[in-house]
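> Given next are the chains, with one letter for each unit.
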Amino acid sequence: MFQASPINHHNAQIQKRFKMLFGGMMVILIIPVVIILATLIFRGWHSISWTFIFTDPTNGMTAGGIFPALFGTIWLVVVSMLASVPLGVAAAIYLSEYAPDNMLTRLINLATINLAGVPSIVHALFGVGAFVTFFKFGTSILAASLTLAIMTLPVVIVSSWESLQSVPRPFREACWNMGATRWQTIWNVVLPNAFTGILTGIILQVSRAAGETAPIMFTGAAMFLPFLPNSVFDQTMALALHLFVVATQVPDVPESLPFGVALVLVGIVMIMNTVAIWIRMHLRGKKKW
Amino acid sequence: MVTASQQVKNKIEVKDLVISYGSNAILRHVTLDVRENEIFGIIGPANSGKTSFLNAINRMDMMRSNMTVTGSVSIDGINTREWRNVYALRRKIGVVFPLPVGLPLTVYDNVALAPRLAGTAGTKADLDELVERCLRRAALWDEVKDRLTHLGSLLSGGQQQRLTIARALSQSPEILMLDEFSIAVDPVTTMRIEDVLKELKAEMTIILVTNLVQQANRLADRTAFFLNGDCIEIGTTEQLFSGKAKDQRTNDYIGGKFG
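Chains B and Y, in that order, are what the protein sequence lines are.
Numbering-wise, our numbering puts 147 at position 147 of the first sequence, and it's gapless, one number per residue.
Count along the second sequence starting at 1, add 289, and that's the number in our numbering.
Keep in mind that the hints were calculated from the coordinates and are not lab data.
Accuracy of the hints is not assured; some may be wrong.
[To be verified] Listing some non-contacts, in silico: residues in chain B with all C-beta distances to chain Y over 12 Å:
1) His-10
2) Met-26
3) Ile-35
4) Arg-43
5) Ser-47
6) Trp-50
7) Asp-56
8) Asn-59
9) Ala-83
10) Ala-90
11) Ile-203
12) Pro-226
13) Phe-244
14) Ser-256
15) Val-266
[What the hints assert, rightly or not] Label pairs and their computed distance ranges (CB to CB):
16) B/Thr-181 <-> Y/Thr-320: 26 to 36 Å
17) Y/Ser-531 <-> B/Trp-183: 48 to 58 Å
18) Y/Asp-435 <-> B/Trp-183: 29 to 39 Å
19) B/Thr-181 <-> Y/Arg-317: 25 to 35 Å
[Said to hold, decoys possible] 25 Å max Cα-Cα, derived SDA-like pairs, lysine to any residue:
20) Y/Lys-413 <-> B/Gln-184
21) Y/Lys-413 <-> B/Asn-188
22) Y/Lys-381 <-> B/Arg-169
23) Y/Lys-413 <-> B/Pro-192
Quantities reported herein were computed from a predicted structural model and do not represent experimental measurements.
From the three backbone atoms N, C-alpha and C, an ideal C-beta is built for every residue, glycine too.
So here's chain B without its partners, still in its complex pose (with noise of 0.2 Å):
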């Protein structure tokens, strides 16, 4: 009764074609990836101790540790976003919640993606221009902060929205039928149940500053700074910059060094990553409809 048609036994053969085609692409954008990760750790795990992460370049930066850089760097990233996540998260509750639905709407919608393409050097001359030239803040933590957040402020927009967005639109008009206002619908149903993915989506966003070198460069990140910053209006050394520099600009590095850094600063973006994922396992894992 039930025995396989040729038909069955073509589409069963086809099927497993696309899954091996499938798998075999997955394999190859893995293996960039393994092969970064395993450079790293082999090349740079033996330069990696609590002297390294906690005491300052010396001898011209040849030796010594990565403190100030990446003290700089926490800096940076801790300074941009209580810019942008304020600014990024409000802005995207107006554009999901009480914009109305017209062209100028749906104009700003695109030229927020559109930002969220913008080369960072790009985004690094503008910070030169309106933060340290303009606002007069200098090369500092602050002009080079806002450039970050500047940078990825559209990202965290798009991210928040889309969060906003998968919040069902039911709920919204049973509030508003029962006599709630937008303000008291967003408060009660739709941030309780958008925050999971807001947060991650800043989280991710974030990360991402932590390892950008072009917004920073002309903006306050310094190559070498013999001091920790004491305010937001000093400059910093940062990692992504450090790297740079003792990959190409200074003589005589032991090749482990740079490798050290590297791992570092990839750590860094990783454990925030894996905090974000974590966060949205568990807070998830309650699925609420």
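Assemble the complex: chain B is given as a structure, and chain Y must be docked to it using the hints.
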């Protein structure tokens, strides 16, 4: 004390209502009255403007950028366009949707949300009492009384629909609008909800949009027949369902010849 004159008092007066989306009029020149404490049925096939009619009554057209409403809707003799606070207007009107919408809050919070938003929640004991009363009246209390802290959005479809009704009742509404509430509900639950509606009629005015002609027959005092954006006929349910409708199309629809 209900006197004869109060029994025929009009709760809602709709005059020359036209609803359009963009340049497309989907409801044209509807004039009708809904009397206090009656169940007013609206029947008609899909796309005849029934849901839009409900949206116009509680002014949800404000939330839809391309929906325009002309003509007037008055509640208790006051034009809804002249209500200073549209949120207060909507609080007087409970709405139940075709597909059950249990908000992703606990069962308790689902029912407590409206009073909390309105700032009329009162003490914890008051609120507990209100939540229990609304759930009992929606014929749901016995099934959820031990699960008040569970998510309302994870109840079964029929339970969620009764939760929606409990939530609408928590607004202490003067008008209850039900939009094809039985679409996603099993027949037994439908019957239980219908019994609830018959009781609620004593306290509020009910507008029942339904695509089940017999449901209108069972519940409604008067029924309107909408077809393709026109209100074809309004009559007492007895009149329409005994084959004495004035318009042949109404007879055909009720008789099951189309729709």
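> Would you mind marking each hint as holding or not holding in the structure?
For each hint, the structure was consulted:
1. His-10: 41 Å, holds
2. Met-26: Label holds. Min Cβ-Cβ 34 Å, cutoff 12 Å.
3. Ile-35: 44 Å, holds
4. Arg-43: Answer for B/Arg-43: holds, closest chain Y Cβ roughly 49 Å.
5. Ser-47: Non-interface label stands for B/Ser-47: nearest chain Y Cβ at 49 Å, farther than 12 Å.
6. Trp-50: Holds, since 46 Å exceeds 12 Å.
7. Asp-56: 51 Å, holds
8. Asn-59: 59 Å, holds
9. Ala-83: 31 Å, holds
10. Ala-90: 21 Å, holds
11. Ile-203: B/Ile-203 clear of chain Y: closest Cβ-Cβ about 23 Å, beyond 12 Å.
12. Pro-226: Given that every Cβ of chain Y is farther than 12 Å from that of B/Pro-226, nearest at about 54 Å, it holds.
13. Phe-244: 47 Å, holds
14. Ser-256: Given that every Cβ of chain Y is farther than 12 Å from that of B/Ser-256, nearest at about 52 Å, it holds.
15. Val-266: 37 Å, holds
16. B/Thr-181 <-> Y/Thr-320: 26 to 36 Å: 32 Å, holds
17. Y/Ser-531 <-> B/Trp-183: 48 to 58 Å: 51 Å, holds
18. Y/Asp-435 <-> B/Trp-183: 29 to 39 Å: 34 Å, holds
19. B/Thr-181 <-> Y/Arg-317: 25 to 35 Å: 32 Å, holds
20. Y/Lys-413 <-> B/Gln-184: 21 Å, holds
21. Y/Lys-413 <-> B/Asn-188: Given pair Y/Lys-413, B/Asn-188 holds - Cα atoms ~19 Å apart, limit 25 Å.
22. Y/Lys-381 <-> B/Arg-169: Given pair Y/Lys-381, B/Arg-169 holds - Cα atoms ~22 Å apart, limit 25 Å.
23. Y/Lys-413 <-> B/Pro-192: Given pair Y/Lys-413, B/Pro-192 holds - Cα atoms ~23 Å apart, limit 25 Å.
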